[in-house]
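J.: Quick note, the sequences are listed as chains U and H, same order.
Just so we're aligned, residue 369 is where the first sequence starts under my numbering, counting upward by one.
Just so we're aligned, residue 184 is where the second sequence starts under my numbering, counting upward by one.
Not one of these hints is a red herring.
Computed list of lysine-lysine pairs in PhoX-like fashion (alpha-carbon distance at most 20 Å, straight line):
id : chain 1 : residue 1 : chain 2 : residue 2
1  : U       : 410       : H       : 192
2  : U       : 370       : H       : 240
3  : H       : 197       : H       : 266
4  : U       : 470       : U       : 370
5  : U       : 370       : U       : 435
6  : U       : 410       : U       : 470
Read the hints as simulated data drawn from the structure, not as lab findings.
Being a predicted model, the structure only gives us computed values, none of them experimental.
Here is what each chain is made of, one letter per residue.
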Amino acid sequence: QKEVEQNSGPLSVPEGAIASLNCTYSDRGSQSFFWYRQYSGKSPELIMSIYSNGDKEDGRFTAQLNKASQYVSLLIRDSQPSDSATYLCAVISGNTPLVFGKGTRLSVIA
Amino acid sequence: DGGITQSPKYLFRKEGQNVTLSCEQNLNHDAMYWYRQDPGQGLRLIYYSQIVNDFQKGDIAEGYSVSREKKESFPLTVTSAQKNPTAFYLCASSSYIGQTVVYGYTFGSGTRLTVV
Numbered sequence: 369q370k371e372v373e374q375n376s377g378p379l380s381v382p383e384g385a386i387a388s389l390n391c392t393y394s395d396r397g398s399q400s401f402f403w404y405r406q407y408s409g410k411s412p413e414l415i416m417s418i419y420s421n422g423d424k425e426d427g428r429f430t431a432q433l434n435k436a437s438q439y440v441s442l443l444i445r446d447s448q449p450s451d452s453a454t455y456l457c458a459v460i461s462g463n464t465p466l467v468f469g470k471g472t473r474l475s476v477i478a
Numbered sequence: 184d185g186g187i188t189q190s191p192k193y194l195f196r197k198e199g200q201n202v203t204l205s206c207e208q209n210l211n212h213d214a215m216y217w218y219r220q221d222p223g224q225g226l227r228l229i230y231y232s233q234i235v236n237d238f239q240k241g242d243i244a245e246g247y248s249v250s251r252e253k254k255e256s257f258p259l260t261v262t263s264a265q266k267n268p269t270a271f272y273l274c275a276s277s278s279y280i281g282q283t284v285v286y287g288y289t290f291g292s293g294t295r296l297t298v299v
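Whole structure, please, built from the sequences with the hints as guidance.
T.: Structure below.
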């Protein structure tokens, strides 16, 4: 059974701080990694994807991947109250469906 | 606008009743998926289809059925055999490059099903 583990939180950070969200996965053959943001009562929205080791930056978001440690993270710089949501880590191997973690709830305090 | 449309947004089911959730996409994606989300939980895969007229069971397929007669459509039926169907149901689609999903999944807005 392929597993994706996330700390459920809530993770509380003050406005303007860096939020760090972490995810580990069990399948060493995983190839593609995604971060989704889900507001309460809404569907998930893709915010980052990463495929190779290292960092990938997009605006205030940075995804980090370490395949040797089977670890992927998401950093949110200059956190805003509008970033308060649940963040889902998702992992895929080949053409099998995405496997999602249970999500980390982030709360940004103004 | 390209996207995925799920309907209805809210659905109420009586005990012993079958209900069908609609999912339509105009993204020309080959693969479509149904996930279930319970409060405080992640997404659990019910069924998926990578090609028309073919579909595969996911982790929690019992009590559900699907069809894929057209590329654009992937309806989910929640049967009376599903004993705890109250949940948020999400449909998604994706495209492939070779054998790999590269761009992640696009999700519909979801259907919230409640047993009354």
